[in-house]
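Novice: Chains as they are written, first to last, in this note's numbering: chain L, 1 to 220; chain P, 1 to 220.
Any given hint might turn out to be false.
Copies of one chain are not kept apart here, so a pair can be met inside one copy or by any two copies together.
[To be verified] Heads up, simulated DSBU-like pairs for lysine-lysine below, C-alpha to C-alpha not over 35 angstroms straight-line: (1) Lys72 <-> Lys202; (2) Lys118 <-> Lys5; (3) Lys121 <-> Lys189; (4) Lys118 <-> Lys72; (5) Lys189 <-> Lys17; (6) Lys5 <-> Lys202; (7) Lys189 <-> Lys202; (8) Lys164 <-> Lys202; (9) Lys17 <-> Lys72; (10) Lys5 <-> Lys72; (11) Lys189 <-> Lys164; (12) Lys121 <-> Lys164; (13) Lys202 <-> Lys17.
Quick caveat, the hints were computed from the structure, so don't treat them as lab data.
Protein chains: 2
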Amino acid sequence: MSQFKPTVRSRGRRAPKRVNYDRETIYGVLDSSFMCHVGYVLDDQPFVTPTSYWREGDTLFWHGSAASRMIKRMAEGLPACLTVSHFDGLVLARSGFHHSFNYRSVMAFGRARAINDKAAKEAALEIFVERVMPGRTAEIRPANAKELKATTVVAMEIEEASAKIRSGPPIDDAPDYDLEVWAGTVPVKLVAEAPVPDPDLKAGIELPDYIAQWTGMEKN
Amino acid sequence: MSQFKPTVRSRGRRAPKRVNYDRETIYGVLDSSFMCHVGYVLDDQPFVTPTSYWREGDTLFWHGSAASRMIKRMAEGLPACLTVSHFDGLVLARSGFHHSFNYRSVMAFGRARAINDKAAKEAALEIFVERVMPGRTAEIRPANAKELKATTVVAMEIEEASAKIRSGPPIDDAPDYDLEVWAGTVPVKLVAEAPVPDPDLKAGIELPDYIAQWTGMEKN
Chain L
1 MSQFKPTVRS RGRRAPKRVN YDRETIYGVL DSSFMCHVGY VLDDQPFVTP
51 TSYWREGDTL FWHGSAASRM IKRMAEGLPA CLTVSHFDGL VLARSGFHHS
101 FNYRSVMAFG RARAINDKAA KEAALEIFVE RVMPGRTAEI RPANAKELKA
151 TTVVAMEIEE ASAKIRSGPP IDDAPDYDLE VWAGTVPVKL VAEAPVPDPD
201 LKAGIELPDY IAQWTGMEKN
Chain P
1 MSQFKPTVRS RGRRAPKRVN YDRETIYGVL DSSFMCHVGY VLDDQPFVTP
51 TSYWREGDTL FWHGSAASRM IKRMAEGLPA CLTVSHFDGL VLARSGFHHS
101 FNYRSVMAFG RARAINDKAA KEAALEIFVE RVMPGRTAEI RPANAKELKA
151 TTVVAMEIEE ASAKIRSGPP IDDAPDYDLE VWAGTVPVKL VAEAPVPDPD
201 LKAGIELPDY IAQWTGMEKN
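So here's chain L without its partners, still in its complex pose (with noise of 0.2 angstroms):
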């Protein structure tokens, strides 16, 4: 299976069981969130940003504003670590320090850069609305020529990911088997719950099929 190559940097040293480098399971971990976390430099200080993002192949996207501190440090190469992580749930063992978190994680290390290209840039924006919202793009108003100035897509091609993955009951010391107490998990899941119309809805404009499809299901 096609791997991502371990390093100083990506290596989990803690619970190596949990720690994997298959491209598969760190694109499934990425394409299953919406929100990423995103940690650079400025100035010794460490900053994490939340933000949204997209991935194509070994390169992950996410934009702002053009005026943005962030994304124009970004811009000019800065080593970056995004990170996505899942909350699946409780796990409730039966001793205080085997309690633990069901999760799925992905950390990416890279440098990231501008995307000044025009047609590019408003490829990749049309890539990922389509992958927030699968139909949206032919729907709605394309960006014009202001909005796409106003907004800086940044590019970082993965140099080193890692996933981390807990899932499945409790692991117990084995004397605390016998223990009179409930262990087991509580999974936790994102759901998507009904559409709600802006108040300034057109009238006669109808729910459309893609959005009701998406809603309802479960989004991690």
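The hints should help you fit chain P onto chain L, whose structure is shown.
Specialist: Showing chain P alone in chain L's frame:
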């Protein structure tokens, strides 16, 4: 209302209407999530680690293996940025440009330190369990000396913090309200599902009320 002081580090420069520094708002976002993303710098490289956390007053806590690279270096007093974010749904506007997410997030800055006092560490870990699942501490086996030694609890006084929140319908350009495009939001929620007993659960142990109460509720 009590506020964190805006600084160069914490000031939200984009979309200032979405940013605030009220303790009440910041506490609200911090106290309704389970996983945060901690950013720190090792050898000029940013890292963003998803982890569980809890809060007391203006202090944030997280924990990990005493042998973990992140935890060891954190405890030395590294500058850190702890970010919490809730993804609340899609904002579907009439133009691609005004598409957005609804979200609530907090960025908190400070310096981490280890809690070395055994009693303080023990107390902190009990507070953590109670924060995640009220009622659990009374039932489980408490930490023993070996487990306490293997666990580092990290505390960070919040020096600066800001909340950024977007809610409500899309805001479109005036002429776009005439387009024949459905617009609105699709709310997304984190929900807890029915508990799954450990396959090795001792016969005759019923699900406690405090766990039953926790499930079936919204979690963000």
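Novice: Please go over all the hints and tell whether each is borne out by the structure.
Specialist: Hint check:
1. Taking the closest pair of Cα atoms, lysine 72 and lysine 202 never come within 35 angstroms of each other, the shortest separation being 37 angstroms inside a single copy and 57 angstroms across copies.
2. Within a single copy, lysine 118 and lysine 5 get their C-alpha atoms as close as 33 angstroms, which meets the 35 angstroms cut-off; across copies the closest is 40 angstroms, which misses it.
3. Proximity of lysine 121 and lysine 189 under a CA criterion of 35 angstroms is satisfied in both settings, with 33 angstroms inside one chain copy and 31 angstroms between copies.
4. Only within a single protomer do lysine 118 and lysine 72 lie at most 35 angstroms apart by alpha-carbon distance; the minimum there is 17 angstroms, versus 45 angstroms between protomers.
5. In this homomeric assembly, lysine 189 and lysine 17 come within 35 angstroms of each other (Cα to Cα) both inside a single copy, at 24 angstroms, and across copies, at 31 angstroms.
6. Taking the closest pair of Cα atoms, lysine 5 and lysine 202 never come within 35 angstroms of each other, the shortest separation being 53 angstroms inside a single copy and 43 angstroms across copies.
7. In this assembly of identical chains, the alpha carbons of lysine 189 and lysine 202 lie at most 35 angstroms apart whether taken from the same copy (33 angstroms) or from different copies (27 angstroms).
8. For a Cα distance limit of 35 angstroms, the shortest separation of lysine 164 from lysine 202 across copies, 30 angstroms, qualifies, whereas the shortest one inside one copy, 46 angstroms, does not.
9. For the homomeric pair lysine 17 and lysine 72, the shortest alpha-carbon distance between copies (21 angstroms) is at most 35 angstroms, but the shortest distance inside one copy (38 angstroms) is not.
10. Within a single copy, lysine 5 and lysine 72 get their C-alpha atoms as close as 30 angstroms, and across copies as close as 25 angstroms, so both meet the 35 angstroms cut-off.
11. For the homomeric pair lysine 189 and lysine 164, the shortest alpha-carbon distances inside one copy (18 angstroms) and between copies (24 angstroms) are both at most 35 angstroms.
12. Proximity of lysine 121 and lysine 164 under a CA criterion of 35 angstroms is satisfied in both settings, with 32 angstroms inside one chain copy and 26 angstroms between copies.
13. When the C-alpha separation of lysine 202 and lysine 17 is checked against a cutoff of 35 angstroms, the pair qualifies only between copies, where the shortest distance is 27 angstroms, while the shortest distance within a copy is 54 angstroms.
Hint check: violations occur at hints 1 and 6; the rest are consistent with the structure.
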